[in-house]
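Novice: Sequence:
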Amino acid sequence: MNETPKLLVILGPTATGKSDLAVGLALEFNGEVISADSRQVYRGLDIGTGKITADEMRGVPHHCLDIADPDDQLSVTQYKEHAENAIADIGSRGKLPILVGGTGFYIQAVVDNVSFPEVPPDEELRSQLEQQSAEELFTELREKDPGRAETIEPENKRRLIRALEIVAHTGTVPPPAQTGSPYNLLEIGVHLDRDILRTRIRERLERRLKAGMIDEADRLHRHGLSYERMIELGLEYRFLAQHLRGELTYEEMVEQLGTAISQYAKRQRSWFKRDHRIEWFHPDRHDEIAQRVAQWLA
RNA sequence: GGCCUGGUGGCGAAGUGGUAACGCGGCGGUUUGCAAAACCGAUAUGCGGGGGUUCGAUUCCCCCCCAGGCCU
Numbered sequence: 005m006n007e008t009p010k011l012l013v014i015l016g017p018t019a020t021g022k023s024d025l026a027v028g029l030a031l032e033f034n035g036e037v038i039s040a041d042s043r044q045v046y047r048g049l050d051i052g053t054g055k056i057t058a059d060e061m062r063g064v065p066h067h068c069l070d071i072a073d074p075d076d077q078l079s080v081t082q083y084k085e086h087a088e089n090a091i092a093d094i095g096s097r098g099k100l101p102i103l104v105g106g107t108g109f110y111i112q113a114v115v116d117n118v119s120f121p122e123v124p125p126d127e128e129l130r131s132q133l134e135q136q137s138a139e140e141l142f143t144e145l146r147e148k149d150p151g152r153a154e155t156i157e158p159e160n161k162r163r164l165i166r167a168l169e170i171v172a173h174t175g176t177v178p179p180p181a182q183t184g185s186p187y188n189l190l191e192i193g194v195h196l197d198r199d200i201l202r203t204r205i206r207e208r209l210e211r212r213l214k215a216g217m218i219d220e221a222d223r224l225h226r227h228g229l230s231y232e233r234m235i236e237l238g239l240e241y242r243f244l245a246q247h248l249r250g251e252l253t254y255e256e257m258v259e260q261l262g263t264a265i266s267q268y269a270k271r272q273r274s275w276f277k278r279d280h281r282i283e284w285f286h287p288d289r290h291d292e293i294a295q296r297v298a299q300w301l302a
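Each residue of the first sequence is one higher than the one before, starting from 5 at the first, in the working numbering.
Errors might be hidden in some of the hints.
As the list claims (entries may be wrong) - Here are the simulated lysine-lysine pairs, DSS-like style, with alpha carbons at most 30 Å apart:
(1) 161 to 277
(2) 161 to 270
(3) 148 to 161
(4) 161 to 99
(5) 10 to 277
(6) 84 to 99
(7) 148 to 214
(8) 277 to 84
(9) 99 to 10
(10) 84 to 270
(11) 10 to 84
As the list claims (entries may be wrong) - Cβ pair distances, simulated, as ranges:
(12) 127 to 239: 20 to 30 Å
(13) 263 to 219: 19 to 29 Å
(14) 138 to 96: 38 to 48 Å
(15) 204 to 92: 32 to 42 Å
Note that these hints are calculated values from the structure, not bench results. Please read all numbers here as calculations on a predicted model, not as lab measurements. Ideal Cβ positions, reconstructed from N, Cα and C, are used throughout, including at glycine.
Start from the sequences and build out the full structure, keeping to the hints where you can.
Specialist: Right under this line is the structure:
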């Protein structure tokens with residue numbers, strides 16, 4: 005008799021202290037951590053992503069970190085596979101899997117077992133479609149798959165291209181599969197007041213700069229990571245690349261990056277708002293959180 | 001003291017005798033293999049203050065205040 009596997013999830017906007025909380029809970033409840041961060045999956049992106057250090061792990065095994073080369077590009081589907089394997093593995097050893105991160109899309113994919121159309125990226129088609137305007141792409145999609153066209157923003161080329169890519173391979177974009185969560189879930193959200201978060205973001209940025217974040221980016225570039233790719237990776241690497249290219253002064257970079265991270269935190273908040281299963285806590289309320297987890301485990 | 005230029009939303013910045021572009025920020029949102037990405041939406045009854053001209057002024061005239069520059 006197999007009971008539904010338990011999965012503890014720690015999520016929330018950036019800079020709220022999720023990683024540290026997760027390690028604490030892992031120690032307390034015999035767990036292991038699965039990272040749900042779309043940038044920490046890449047090797048070498050350490051300081052800029054705030055990747056947890058060996059010391060900070062305090063002996064708790066972490067999964068889904070450093071599983072891809074930053075030149076490549078890991079997709080949700082690939083991430084999901086890694087995460088599912090890790091969760092199963094941890095569970096099979098009688099330990100508690102703890103999924104922690106801020107990438108809502110990734111979390112949702114594993115937590116609700118979302119399946120995506122099995123159409124791999126078609127670079128040739130993509131670059132071809134890229135030539136067209138959003139309007140043209142939208143018109144084309146509306147003809148070929150009116151259903152999907154309904155649900156997509158007509159100006160969003162990236163999504164239009166992906167939809168057309170799926171259509172080209174399978175004829176239509178299937179509606180999202182509605183499977184219930186395969187897990188016995190507890191979702192803990194870490195919440196901080198906006199203004200406090202904003203100053204924490206700024207302070208953390210200063211710390212990362214002192215820790216050698218610029219050197220890290222420079223080194224990555226010298227080892228072959230293109231500035232274009234860094235820009236696509238977003239946030240720290242995006243602004244660092246612009247600075248290294250001489251497009252931004254140090255001051256401009258710090259200023260604009262700080263703002264961009266706060267905006268990112270806002271987008272994360274928007275995403276998580278839709279999941280009403282999340283129980284929100286202040287990160288300092290460690291005891292309350294631990295109590296809630298214990299209650300759920302019982 | 002005199003002359004010049006300018007005072008427009010949180011910031012930057014257009015503009016017109018007929019009722020306020022745009023950029024940024026802040027706010028809200030979308031999210032079907034790039035998600036730290038990509039994308040969308042709302043956001044000044046108000047144009048330094050007070051008079052006047054006018055059917056009507058933010059836009060024209062007068063006075064005042066403020067900022068910067070120049071001159072004595």
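Novice: Taking each numbered hint in turn, which are not upheld by the structure, reported in ascending numerical order?
Specialist: 4 and 7
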